[in-house]
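Fit chain B to the known structure of chain A by using the hints.
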Amino acid sequence: MTARIIEVLFILLWVFPLFWLVITSLKNENEVVTKVFSFWPRHSTLDNYRKAFTSTYILNWMINSLIVSTFSMILTIVVDAPIAYAFAKIKFPGRNILFWLVMAGMMVPFQVLIVPLYLQFNSYNLVNTLTAAMLPRIALPIGIFILKQFYEEIPSALEEAAFIDGASRFTVFNKIIIPLGKAALTTVIILSFINAWNDFLWPLIAINDTAKYTITVGIANFQGTHGTQYSLIMAGATIASLPQIAFFLFFRKKIIAGIAMSGIKG
Amino acid sequence: MVQDLLRCRSEPNVLQGYPMIPGNKDKRDGILFSLPYLAVFTLFMIYPLLFGFFISFFKWDILSTAKFVGLKNYTDLFKDAKFYSSLWHTLQFVLITTPILLMMGFAMALAVTGKSPLKGVMETVFFVPYIFSMTVVATLWAWLMQKDFGIFNQVLVSMGAGRVSWLTNEKYAMWSVSLATFWWTAGFNMVLFSAGIKQIPQEIYESAHMDGARPWQVLTHITIPLISSTTVLCLILQVIASFNVFGQVYVMTGGGPSGSTRVLIQYIYETGFRYYKMGYSAAMSYVLFFIILLVSVVQYLTLGRKKD
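Chains as they are written, first to last, in our numbering: chain A, 95 to 360; chain B, 114 to 421.
Because the hints were derived from the structure by calculation, they are not lab data. Take these hints with a grain of salt, some might be off.
[What the hints assert, rightly or not] Quick list of simulated restraints, FRET-style, between CB atoms:
#1 B:Ala321 x A:Trp134: 42 to 50 Å
#2 B:Leu148 x A:Gly318: 26 to 34 Å
#3 B:Lys311 x A:Arg98: 17 to 25 Å
#4 A:Leu336 x B:Pro149: 45 to 53 Å
#5 A:Leu336 x B:Tyr388: 32 to 40 Å
#6 B:Val411 x A:Leu153: 42 to 50 Å
#7 A:Phe133 x B:Arg276: 13 to 21 Å
#8 B:Ala220 x A:Ile339: 23 to 31 Å
#9 A:Asn302 x B:Asn282: 30 to 38 Å
#10 B:Leu339 x A:Gly188: 32 to 40 Å
#11 A:Thr148 x B:Thr155: 16 to 24 Å
#12 A:Thr148 x B:Ala194: 41 to 49 Å
#13 A:Val102 x B:Ile317: 26 to 34 Å
#14 B:Ala220 x A:Val130: 31 to 39 Å
[As the list claims (entries may be wrong)] The calculated lysine-lysine pairs, modelled on PhoX-like cross-linking and capped at a C-alpha distance of 20 Å, are:
#15 B:Lys138 x B:Lys195
#16 A:Lys269 x B:Lys138
#17 B:Lys232 x A:Lys348
From the three backbone atoms N, C-alpha and C, an ideal C-beta is built for every residue, glycine too.
Pulled out of the complex, with its shape left as it was, chain A reads as follows (with noise of 0.2 Å):
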């Protein structure tokens, strides 16, 4: 008995921030900035969201955040999907050796790139581009892994029986292995999608224009900008994580399953 009133107990703390997220977005803003303390608010409102919309950037940093997760998530399993194949199912000299080299990239911090990245998209005169913001993050190793793993237990019998009747690599790739490693790459998707919605270091050194921002940048940039109205800035935060809450009430045991698998056998 005691032992489900403290699990309750701690399910009520790590909902809480949640909550008040939500609460607080909902409040008026004279209400939020008040030492007269409210737990529910007085007149629920939704006016700090009309306000996001309309007074701030949130829109365009949104829809920036859309583009540049979107096109880190298809080019992520356009480069990660077939070396993950080739890796799995291909016996190619010098393989082991180049998995372990992909593999150390996890080593690598990534504040150790921000420098001569910069420099190298500043050549390309990418700087302040959305170009700039999603290609270094398209290189997912963690995708990788997932991806072998799961193609190491496709049988190779199938592949043989295509290759007997004259398939391709290719096709074997395209009509066998993608289709039943699907579950695996759902979980990488998820994860790139994530990923790259999550990412904040690098749009805030490659993006300088407030419009071009990512809404991770963006919502670190309303304290400075909106100060005290805290309100508009829940509101702006709870915006912001819609996708994340969207992904997680469907892919909830995929996401859980893609963090359990690289930890597995890691």
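This is chain B only, laid out in the frame that chain A set:
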């Protein structure tokens, strides 16, 4: 049989034990399928990694031409008080967050792999903060900890206690940022730990139960020793993640009050992109990289060995 036939007809295979199929060129296909990733990897990982190292030997701002200065950036670094204080703040964050986040993750994993009817709810609730972006978490917690109107202080005041300067007092600021980090990322460790716990064969628990082992004994003699490889993995990942702390500090305190929470990545960022001392910034990031690498290797060698 068919495979043997096929093997006879094909070219000699470099790698044994794999049937060669006519028209199938493993070497060519392997390279072809690896190529897209390797192109991206080279362009956005290998090249900047080498280029950054190169830059670290130059006095380099975007406006004027770069000037070779040898090891000066590195030697300057060790005379820079701000570098030491930033490094110390990063270390502080690592030392505060690593043990607590590991213990929290483990405790949560025990709760969600146990027999509680609430385990499903707990798994979801403990994990959910992790999917939110760092900036949302940081702005939210900055609001919770706001001195005059934040809920934490409102509750303290209503209980008759005084207000706490969560984010504006040098003594508390780093702890406050850590508190937000606990809430945000403990669920990640929980997932890793519960994956480890679920791999322990159920029979071991059953036989321990039959031998009359108490819950505490089961925990210390079965669960903890048997998930040691997960613990090592968690520890290594956590230390790396904590060393790379930046966003939540930057958003919650901006490095203040009076630089007391400025972490190394913030200093790297400001040096490079506010003062445009790119060479110096690059040198600093390499020192941090080296420290992280060193710590990881030491951890791996001292702890990783034990499991086999």
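These are the hints, each one checked on the structure:
Look at Ala321 of chain B against Trp134 of chain A: about 49 Å separates their beta carbons, and that is inside 42 to 50 Å. A C-beta distance of roughly 44 Å is found between Leu148 of chain B and Gly318 of chain A, which places it outside the suggested range of 26 to 34 Å. Here the CB-CB span from Lys311 of chain B to Arg98 of chain A is close to 22 Å, well matched to the stated 17 to 25 Å. Distance hint check for Leu336 of chain A and Pro149 of chain B: the Cβ-Cβ separation is about 32 Å, which falls outside the suggested range of 45 to 53 Å.
Distance hint check: the CB atoms of Leu336 of chain A and Tyr388 of chain B are about 37 Å apart, consistent with the given range 32 to 40 Å. For the hinted restraint 42 to 50 Å between Val411 of chain B and Leu153 of chain A, the CB-CB distance of approximately 48 Å keeps it satisfied. Here the CB-CB span from Phe133 of chain A to Arg276 of chain B is close to 19 Å, well matched to the stated 13 to 21 Å. Checked against the hint of 23 to 31 Å, the pair Ala220 of chain B and Ile339 of chain A passes, with Cβ atoms roughly 26 Å apart.
In this structure the supplied range 30 to 38 Å holds for Asn302 of chain A paired with Asn282 of chain B, their Cβ-Cβ distance being about 33 Å. With their beta carbons about 36 Å apart, Leu339 of chain B and Gly188 of chain A fall inside the hinted range of 32 to 40 Å. Taken as a hint, the range 16 to 24 Å is violated for the pair Thr148 of chain A and Thr155 of chain B, whose Cβ atoms sit roughly 45 Å apart. The supplied range of 41 to 49 Å is met by Thr148 of chain A and Ala194 of chain B, whose beta-carbon atoms lie about 47 Å from each other.
Look at Val102 of chain A against Ile317 of chain B: about 30 Å separates their beta carbons, and that is inside 26 to 34 Å. Judged by the Cβ atoms, the range 31 to 39 Å given for Ala220 of chain B and Val130 of chain A holds: they are separated by roughly 38 Å. Among the hinted pairs, Lys138 of chain B with Lys195 of chain B is inconsistent with the structure: their alpha-carbon atoms are about 57 Å apart, more than 20 Å. The hinted pair formed by Lys269 of chain A and Lys138 of chain B meets the criterion: a straight-line CA distance of about 19 Å does not exceed 20 Å.
A distance of roughly 18 Å separates the Cα atoms of Lys232 of chain B and Lys348 of chain A; the hinted pair therefore holds under the 20 Å criterion.
Checked against the numbered hints given earlier, this structure breaks hints 2, 4, 11 and 15; the rest are met.
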